[in-house]
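Visitor: Spelled out, the chains give:
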Amino acid sequence: GEDVEQSLFLSVREGDSSVINCTYTDSSSTYLYWYKQEPGAGLQLLTYIFSNMDMKQDQRLTVLLNKKDKHLSLRIADTQTGDSAIYFCAEISFSGGYNKLIFGAGTRLAVHP
Amino acid sequence: GAVVSQHPSWVICKSGTSVKIECRSLDFQATTMFWYRQFPKQSLMLMATSNEGSKATYEQGVEKDKFLINHASLTLSTLTVTSAHPEDSSFYICSARTGQAAEGYTFGSGTRLTVV
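Chain order of the listed sequences is E and F.
Positions in the first sequence are counted from 1; adding 76 to them yields the numbering used here.
Positions in the second sequence are counted from 1; adding 89 to them yields the numbering used here.
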C-alpha cells in the first residue's frame, strides 16, 4: 500500500538551512508535493516536483528527488522564524478510481534565534 | 488562484448531536472533493472522496453512516458528523481538485470540532 514517511522534528537556528526528508512508496506518483501547515490552519502548497525531474528550485526552496530511492527532500535556505510550521510531503496515489494525496506524518520545524 | 472556503472554522457541540461542515469552491467547479481528518500532532488521514452527483467513496475503516457526505453541486460538499462523541473531536480539512495538473489540490482552512 501507499506510505509516506518523514522525520517528525527538526530544530534549526535562524539563518541556517533546513533540510526535511521524506520517503515514499508509490513509484507511479507523477507529482510529489510539499505543504506547509501553520497552527490551526489548513495546508498551503509550498512547491511540487514532477517525477521526471531531479531538482526544482523556487527562491529559498530547493526540492531534490531521488526516484530510484524514492526519496524527496526540501531545503529551506536562510531559515526564518516565520518558517516555523509543520511540513508535509505528499504523493499522489491512484486507488479506488481516483488520484488521492497521501501525506506523511509531517515534520515540525522549529526555528530558534 | 483557486480558493476553497470551509465553514465553520470551529464548532463545539454536545455528545449525541450532529454537526455539518461545508466546503465550497469559490471560483472554480470541483467535481471531486476530499475530506481529511487530523488528530493533534498527526498527519492528515483521508476519510472519503466526495463526488458531485454520486455517492462518496469512503476509505477503509471510516463509518459511512457516521460521516455523511453530500456533494450536491459542483461547488459544495458537506460532511455531517452524526451522533457525535468526544472521540470525534478532531480537525477536519477538505480539499478540492482544481483541474490544473500539478497544483491541482487546494485545501480549506479546516474545522476544529470539539464534542463535549
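Some hints could be false.
Short derived list, chain F residues pointing at chain E, Cβ under 7 Å [as the list claims (entries may be wrong)]:
hint: 1; residue: P129
hint: 2; residue: T138
hint: 3; residue: L163
hint: 4; residue: Y194
EDC-like mimics (lysine to aspartate or glutamate), calculated; alpha carbons at most 20 Å apart, straight line [stated by the list, open to error]:
hint: 5; chain 1: F; residue 1: K103; chain 2: F; residue 2: E148
hint: 6; chain 1: F; residue 1: K130; chain 2: E; residue 2: D159
hint: 7; chain 1: F; residue 1: K130; chain 2: E; residue 2: D79
hint: 8; chain 1: F; residue 1: K109; chain 2: F; residue 2: D154
hint: 9; chain 1: F; residue 1: K144; chain 2: F; residue 2: D116
hint: 10; chain 1: F; residue 1: K155; chain 2: F; residue 2: D116
hint: 11; chain 1: F; residue 1: K130; chain 2: E; residue 2: D145
hint: 12; chain 1: F; residue 1: K144; chain 2: E; residue 2: D159
hint: 13; chain 1: F; residue 1: K130; chain 2: F; residue 2: D154
hint: 14; chain 1: E; residue 1: K132; chain 2: E; residue 2: D145
Keep in mind that the hints were calculated from the coordinates and are not lab data.
Glycine is no exception: its CB is placed at the ideal position from the N, C-alpha and C atoms.
Visitor: Holds or violated: are the alpha carbons of F:K155 and F:D116 at most 20 Å from each other?
Guide: It is violated: about 30 Å lies between the C-alpha atoms, which goes past 20 Å.
Visitor: For the pair we were handed, F:K144 and E:D159, check the Cα-Cα distance against 20 Å.
Guide: Distance of about 39 Å is beyond 20 Å: violated.
Visitor: Take the shortest C-beta to C-beta distance between F:L163 and chain E; is it under 7 Å?
Guide: violated (16 Å)
Visitor: Can the hint on F:T138 be confirmed by a CB-to-CB distance to chain E that is less than 7 Å?
Guide: Holds. Min distance 5 Å.
Visitor: Take the shortest C-beta to C-beta distance between F:P129 and chain E; is it under 7 Å?
Guide: violated (11 Å)
Visitor: For the pair we were handed, E:K132 and E:D145, check the Cα-Cα distance against 20 Å.
Guide: Holds - the C-alpha atoms of E:D145 and E:K132 are around 17 Å apart, at most 20 Å.
Visitor: Verify the proposed pairing of F:K109 with F:D154, using a straight-line Cα cut of 20 Å.
Guide: Holds: F:K109 and F:D154 sit about 14 Å apart, inside 20 Å.
Visitor: If you draw a straight line from the CA of F:K130 to the CA of E:D145, is it 20 Å or shorter?
Guide: Not satisfied, since the Cα-Cα distance of roughly 27 Å exceeds 20 Å.
Visitor: Next pair to validate is F:K103 with F:E148; report whether the Cα-Cα distance is within 20 Å.
Guide: Given that 20 Å is the threshold and the Cα spacing comes to 26 Å, the pair is violated.
Visitor: Can the hint on F:Y194 be confirmed by a CB-to-CB distance to chain E that is less than 7 Å?
Guide: holds (6 Å)
Visitor: For F:K130 and E:D79, compute the direct alpha-carbon distance and say whether it is at most 20 Å.
Guide: holds (18 Å)
Visitor: Quick one, are F:K130 and F:D154 close enough, alpha carbons at most 20 Å?
Guide: violated (27 Å)
In summary, the structure is inconsistent with hints 1, 3, 5, 9, 10, 11, 12, 13 from the numbered list given earlier, while agreeing with the others.
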